[in-house]
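The primary structure of each chain is shown beneath.
Number of protein chains: 2
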Amino acid sequence: MSHRDNAAARRPAVGVDLGGTKIAAALVAADGSVLARASAPTPAAAGPAAILDAIAALAARVAGGADVRGLGLGAAGVIDPGSCRVVDATDVLPGWPGTDLRSGLLRRLSGLVPRVEAVNDVHAHALGEAWLGAGRHARTALLVAFGTGIGGSYIVGGRPAVGAHAVAGHVGHVPSAEAAGLECTCGGSGHLEAVASGPAVHRRYLAAGGDPAAEDTRAVFDRAAGGDALAASAIATAARAAGGALGGFANALDPHAIVVSGGLAAAGRLWWDPLLAAYAANVVGALSATVPTRALLGADAAVVGGASLILRD
Amino acid sequence: MSHRDNAAARRPAVGVDLGGTKIAAALVAADGSVLARASAPTPAAAGPAAILDAIAALAARVAGGADVRGLGLGAAGVIDPGSCRVVDATDVLPGWPGTDLRSGLLRRLSGLVPRVEAVNDVHAHALGEAWLGAGRHARTALLVAFGTGIGGSYIVGGRPAVGAHAVAGHVGHVPSAEAAGLECTCGGSGHLEAVASGPAVHRRYLAAGGDPAAEDTRAVFDRAAGGDALAASAIATAARAAGGALGGFANALDPHAIVVSGGLAAAGRLWWDPLLAAYAANVVGALSATVPTRALLGADAAVVGGASLILRD
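Chains as they are written, first to last, in the UniProt record's numbering: chain A, 1 to 313; chain B, 1 to 313.
Treat the hints as calculated values from the structure; they're not laboratory data.
C-beta atoms are modelled at their ideal positions from N, C-alpha and C, and glycine is treated no differently.
Hints may be right or wrong, so weigh each one.
Label pairs and their calculated CB-CB ranges [what the hints assert, rightly or not]:
(1) A:Gly98 <-> B:Gly187: 45 to 51 Å
(2) A:Arg107 <-> B:Leu296: 46 to 52 Å
(3) A:Gly82 <-> B:Gly20: 39 to 45 Å
(4) A:Arg136 <-> B:Ala180: 57 to 63 Å
Here chain B is said to cover these stretches of chain A; the calculated rule only asks that three of the stretch's residues, wherever they fall, bring their Cβ under 8 Å from a Cβ of chain B [as the list claims (entries may be wrong)]:
(5) 10 to 21
(6) 57 to 70
(7) 236 to 248
(8) 252 to 264
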């Protein structure tokens with residue numbers, strides 16, 4: 001490597017995490033450390049052009065005149081990493097499908113950003129954890145995020161396995177005995193997400209006769225911590241389903257690391273204890289040493305993972 | 001490539017499929033066509049040395065003095081493809097764990113076979129189908145075999161993804177609502193294999209009050225074809241569980257092809273119709289074009305796939 005190549009390899013990249021409600025951007029050094037951060041609400045209702053404008057403005061702000069190698073974006077929706085086009089998306093971002101993220105951002109950031117790469121936001125999150133977080137040093141890492149929805153990403157040799165149609169990672173849409181008969185957001189029924197997502201815990205608690213004043217999933221966890229048996233039961237059922245599904249993924253894929261993230265992963269032992277017990281009960285003997293662990297990077301995971309599309313290529 | 005390299009690349013390889021009851025061997029040309037076949041019972045009770053002796057004898061017989069490039073073995077048990085050692089195995093092959101397949105076969109076939117590679121037999125089966133069968137032209141192919149047990153293999157770029165401990169492919173050990181409460185061969189409960197394997201269909205039929213004279217799974221299928229509603233119901237439940245699990249795998253992995261094999265795949269529409277309906281009900285919209293198809297190579301799949309370890313390296 002020449003002196004000039006070395007200098008180029010040390011330049012930072014911009015990482016962006018585009019969600020349904022918030023855009024986060026960071027300037028990320030070649031070693032993955034975050035040099036600057038900025039965020040803004042997602043102008044979801046204003047359409048794709050407004051969203052790309054907002055991303056470009058945040059990118060320019062965090063770059064602050066630095067000589068950046070490129071921009072790596074983790075975006076809501078099904079994203080084709082080759083073309084950087086949005087293949088599919090939910091109603092959270094109206095008009096989002098079909099958007100050409102690469103050309104839209106290169107045009108807006110002409111002269112500032114020479115290159116744009118993009119993946120789905122859960123894949124970006126997993127890339128960050130696999131690089132510098134709980135999946136560090138693991139050749140293959142399965143990350144599963146339990147939050148408003150349940151999504152995942154299988155990182156193999158530093159890249160997300162996105163599959164034939166960039167759809168891989170819909171790990172919330174696998175059969176779960178605990179979800180039998182429950183409708184799923186995907187239109188199917190009986191899927192893990194229908195019992196083990198945050199909103200599913202809230203619904204189950206209310207349906208079981210829980211306190212109607214509990215306005216969200218967090219309130220259910222608060223009540224469980226305070227001794228509400230119905231709340232603890234709804235959480236335990238969700239966690240058992242989650243642990244069983246993770247055990248099944250371990251048996252099918254035998255990943256080097258299993259990383260658990262999302263809002264529920266922050267909920268403490270009320271959720272983790274039944275999850276780990278169900279995992280252990282489902283995993284085949286030869287895998288007893290593979291134990292799910294909690295994600296480490298928090299909110300930085302997706303911006304660092306996004307930037308890794310540029311920095312580690 | 002020199003003339004000599006070209007000639008070397010045209011030489012055949014020996015493929016071997018070692019199961020619990022039978023060993024099949026074939027001489028396989030560079031294009032995958034089978035030039036000679038032989039088989040023998042597996043001397044399971046006689047131990048690993050006797051099994052290796054039997055494999056070597058069959059290999060020598062099919063090679064028939066040909067200048068072979070090597071021997072590729074698909075073997076029962078958990079096989080580490082790097083070391084070609086048996087990591088783990090069930091009681092079907094007593095003493096099998098720890099066996100060094102590569103050195104054991106190279107010693108026995110000295111001067112005849114310059115190289116030995118080995119994988120688990122389901123992986124070998126999938127390698128054959130991914131090369132020349134139902135997964136032909138697919139960059140990634142998930143094969144699932146439904147028989148006495150349920151096993152699978154995810155072929156990525158011509159190689160089986162064997163995971164961190166060579167355990168990947170235990171796809172019968174994922175949660176299934178239809179299997180809730182049923183004990184599994186792995187020691188767990190509620191797994192797909194407990195409801196959707198061949199023996200599970202037979203057990204379910206008898207437990208539901210079916211004709212005790214039905215001595216095996218085939219007899220249950222015969223009765224279902226003859227109008228026995230209990231038999232049809234046991235088969236449909238197994239097939240629904242199988243289709244749901246395949247839908248979940250599709251959602252999680254988005255493979256280019258899904259190939260179904262094993263004894264149950266030969267059972268006709270009584271099994272395939274509910275399987276495909278359950279698959280369609282579980283798969284997310286973007287994957288509706290990915291439809292499970294039946295394996296094509298039959299009994300040759302594993303010997304061809306085994307030989308591919310040498311021929312396609």
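Hints versus structure:
1. A:Gly98 <-> B:Gly187: 45 to 51 Å: Once the Cβ atoms are compared, 49 Å apart, the range 45 to 51 Å for glycine 187 (chain B) and glycine 98 (chain A) holds.
2. A:Arg107 <-> B:Leu296: 46 to 52 Å: holds (48 Å)
3. A:Gly82 <-> B:Gly20: 39 to 45 Å: Holds - the Cβ-Cβ distance for glycine 82 (chain A) and glycine 20 (chain B), about 44 Å, lies within 39 to 45 Å.
4. A:Arg136 <-> B:Ala180: 57 to 63 Å: Violated, since arginine 136 (chain A) and alanine 180 (chain B) (Cβ atoms, about 37 Å apart) do not stay within the stated range.
5. 10 to 21: violated (count 0)
6. 57 to 70: Violated - the region 57 to 70 of chain A has 0 residues with a Cβ nearer than 8 Å to chain B, which falls short of three.
7. 236 to 248: It holds, with 5 qualifying residues against the three required.
8. 252 to 264: holds (count 5)
Checked against the numbered hints given earlier, the structure breaks hints 4, 5 and 6 and satisfies all the rest.
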